[in-house]
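Peer 1: Construct the entire structure; sequences and hints are all you get.
Protein chains: 2
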Amino acid sequence: MPHFTLYDAPERNISVPKTAAQAAIEETFSFDGPPDAMITIAGKVYLYFAGSGYLGLQANPEVLAATCESVLHYGVGTATSRTAFTSPPVFEVERRIAEMFGTEHALYTASGYAANLMMLESLEKTFDRIFIDEASHYSLFESAKRIRKKRCIPITFRHRDTDDLKKKLDANLQLHERPIVLTDGVFAQHGTAAPLNEYTVLLAGYAGASLWVDDAHGFGILGNTGRGTLEHFGLDASAVNQTPDDWNGDWETDDTVYSAAIPLYLTFSLSKAAGGCGGVIPGSAAFIQRLKDHSSVYFAASAPPTPIAAATAKSLAILAESNLRQRLHKNVTLIKSKLRSIGLDIPDTLYSAALPAVILTLGAAANMKRIQKELSQRGILIAYLPRNIALGSQGALRIAVFATHTEAMITELVETLAKTL
Amino acid sequence: MPHFTLYDAPERNISVPKTAAQAAIEETFSFDGPPDAMITIAGKVYLYFAGSGYLGLQANPEVLAATCESVLHYGVGTATSRTAFTSPPVFEVERRIAEMFGTEHALYTASGYAANLMMLESLEKTFDRIFIDEASHYSLFESAKRIRKKRCIPITFRHRDTDDLKKKLDANLQLHERPIVLTDGVFAQHGTAAPLNEYTVLLAGYAGASLWVDDAHGFGILGNTGRGTLEHFGLDASAVNQTPDDWNGDWETDDTVYSAAIPLYLTFSLSKAAGGCGGVIPGSAAFIQRLKDHSSVYFAASAPPTPIAAATAKSLAILAESNLRQRLHKNVTLIKSKLRSIGLDIPDTLYSAALPAVILTLGAAANMKRIQKELSQRGILIAYLPRNIALGSQGALRIAVFATHTEAMITELVETLAKTL
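Going line by line, the protein sequences match chains Z and Y.
For the record, in the first sequence the residue sitting at position 103 is 103 according to this note's numbering, with numbers rising by one throughout.
For the record, in the second sequence the residue sitting at position 415 is 415 according to this note's numbering, with numbers rising by one throughout.
It is worth saying that the hints were derived from the structure and are not from the lab.
Because the structure is a prediction, the values reported are computed rather than measured.
Treat the hints with caution; some may be incorrect.
As the list claims (entries may be wrong) - Chain Y side only, calculated, beta carbon under 7 Å to chain Z, not exhaustive:
#, residue
1, Pro34
2, Cys68
3, Gly77
4, Thr78
5, Thr80
6, Thr86
7, Ala135
8, Gly205
9, Ala207
10, Ser238
11, Gln242
12, Ser271
13, Cys277
14, Ala300
15, Pro305
Claimed, not checked - Distance ranges between label pairs, derived from CB positions:
#, chain 1, residue 1, chain 2, residue 2, range
16, Y, Ser296, Z, Ala204, 31 to 39 Å
17, Z, Glu407, Y, Glu124, 50 to 58 Å
18, Z, Ala286, Y, Gly392, 18 to 26 Å
Think of the CB as a built atom: it goes at the ideal place given N, C-alpha and C, for glycine as much as any other residue.
Peer 2: Structural data, given as structure tokens:
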């Protein structure tokens, strides 16, 4: 639903001259409109199969209307810290997230990075060693880097590899050391989900173990109610981010507290499927208070800007009430079926059938770049991801499917792709 | 100019029930409208002399109109990283900042915290020891905490005390160690500016020394063109954030490169006087590229949300063209004169005459809290700041003056304050 992408761009009144280099960059890298199934760049309209606006909420007219209403009513920001005054849409986001997860409360921060930086720091007394999926998002690595405990340099384990995690735990943990495992729920660049069910079973065998999931790309997509990767694997999403009453007591020396079930920690950003911006942490009231007390970000940084909070709150309301997730899943099934029909190998074992990013490895890097370029020349944008630790040395093509793609658009993509192979 | 604060709040369609505790917090801590000279909280209208919306741009109708225009045209966000696609208002902010400072380029990040986290990390090869004003903003301390170099635990010096800085430098630096000094330009909670002119003279005597200023509360307020505290002290704001061509070369071992003049580094957030949100770093093209290359924030975090970038760009345009800064300075002079006329001691030596935050220490903490409460009951909000390292054990009252306060509002504040003394 490219509601706004075909508008003529009104010439913005920019008095600042661009350099030639800047102008070139901006022509190549600017959206002239919101990200959606169709976008406009430098006057040319493209079918868009990239990024992570999976539900099209970034361009949803109801979201845009709510955002404008908020701008006119509340202005741009509060120009003070959250501990002084807060705008109501910020509280609304927190209430909606808490309701969705069935937790007592939630904390809404200006960025997903901020949420992750706050998280590990406030958990510092609950773990001794950090184990992290080697392909985790940078913000998890950044959080881990901030921890300055003795013997606490993060230990990586092989991407989505429960056996390797076990090996690393056994090789590195000393008696009474409590591990925390860090991973993305969904790996946006790989189209895969972490085997959280296997991890929780494994970690239950380690005294004091816990698991922290950054579910930026699972939230809104996976699970019956869109709560993400935990829900997808049958884990209790309402049990995330709880603390025992005696957090400040002897928890850190009592290895038996979590011998039966491991604590689950969860953060995610709202700038992907949720069509907003910022990071959130649902949890118990005590847990949220602990976060606030342990981080300068809460009381010294600006709150999420009011219009963005309003956009996010509206997006969350739509997410809860609409059939967008079902439409997305239908499109995911459709595109995988069509890609298989042109002879491509799309294994469902490597990723959940519900995940909207399809990763294709088609020969060498040069071949994939050629395919991406030819598609672009024919008016279709997909991403080429350079090599990384989980994709292999040649990188891969990434096709992102949205709820707002029509069947005709998907057909056009697959038929055009077939011509380039 | 409380343009929107007196509107009836449309009942937002919130399906999520509030707990009684949440409702109480929200009634006390929610603005029902933008922060400006007058605000509404829980149905009551107040004169507002708090926060840092010094120029009233958070509620400026032109800013709000530009924000809405941007929402309808570009949507809420790009749902991808900056290295893939960027919305034009983000580029516009960077061009306007670069033009204002006379630098080749600028980087715009989603938060001031993010800008500060990127900054020190990318400078890591240029210093050996960190010296920081004890009352600096938390985000400077956070940035310093991330540096894991040997012997690089931050050393604090007394608030705004050049002599103590010299003592700390001399006591801690070993031969060939290069110091970097971190400070706020303007201390928002203290109504004071750092003596940057003294620091630069002092630091010129130390080989390889540099100075990094977080000017969140100086930008838009100080200096003939609003470029902030550096400009206020006659330092060349266009010389900030430059790097030698051979950054990757032997700079780190060549103590003589900066023996004549010290490099100045500058970051600031745009959520105070500038009426927007996010952090910026003006600088040379090479310096900005270095920042981008050295931080995962640039390529892995969401860009500033498009509507906020549009609000910020418009605010910067107004800042450059309007007389808001002159109106603010007139109000600052007026309120200080009126406060002196009721017998209060307002020393201009402790802070620049141009600074819009007036700090009052009136006896014990209990007395100041009483005054704040009585003012609130009479419809005037000012802040009470609890004790901190630079304010002393009793804390202080803080009165923030805006460009949008009328003379009648300032008179009402001062006359009401006189009754409570």
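Peer 1: Confirm or reject each hint.
Peer 2: Evaluation of the provided hints:
With 7 Å as the threshold, the beta carbon of Y:Pro34 comes within range of chain Z, its nearest partner Cβ sitting at about 2 Å, so the hint holds. The interface hint given for Y:Cys68 is met, as the beta carbon of that residue sits about 4 Å from the closest beta carbon of chain Z, less than 7 Å. Hint on Y:Gly77 holds. Least Cβ distance to chain Z is approximately 5 Å, under the 7 Å limit. For the restraint placing Y:Thr78 at the interface with chain Z, the shortest Cβ-Cβ distance is roughly 5 Å, inside the 7 Å limit, so the hint holds.
With a least beta-carbon distance of about 4 Å to chain Z, the hint placing Y:Thr80 at the interface is held under the 7 Å criterion. For Y:Thr86, the interface hint holds, since its Cβ comes within 7 Å of a Cβ in chain Z; the closest pair sits about 5 Å apart. Residue-level restraint check for Y:Ala135 is violated (minimum Cβ-Cβ distance to chain Z is 12 Å; threshold 7 Å). Below 7 Å, beta-carbon pairs count as interface contacts, and Y:Gly205 has none with chain Z, the closest being about 33 Å; its hint is therefore violated.
For Y:Ala207, the interface hint is violated, the least distance from its beta-carbon to any beta-carbon of chain Z being 30 Å, above 7 Å. A least Cβ separation of about 15 Å between Y:Ser238 and chain Z goes past the 7 Å threshold, and the interface hint is therefore violated. Annotation: interface hint on Y:Gln242 violated; nearest CB of chain Z at approximately 17 Å, more than 7 Å. Using the Cβ-Cβ criterion of 7 Å, the hint placing Y:Ser271 at the interface with chain Z is satisfied: the shortest such distance is roughly 4 Å.
The beta carbon of Y:Cys277 is positioned within 7 Å of a beta carbon in chain Z (closest approach about 5 Å), and the interface hint is therefore held. Checking Y:Ala300 against chain Z by beta carbon gives a least distance of about 4 Å; that is within 7 Å, so the hint holds. About 5 Å separates the beta-carbon of Y:Pro305 from the nearest beta-carbon of chain Z, less than 7 Å, and the hint is met. A hinted range of 31 to 39 Å for the beta carbons of Y:Ser296 and Z:Ala204 is consistent with their spacing of about 32 Å.
Hint check: Z:Glu407 to Y:Glu124, Cβ distance near 52 Å, so the stated range 50 to 58 Å holds. Our hint of 18 to 26 Å for Z:Ala286 and Y:Gly392 is violated, since their Cβ atoms are close to 33 Å apart.
Checked against the numbered hints given earlier, this structure breaks hints 7, 8, 9, 10, 11 and 18; the rest are met.
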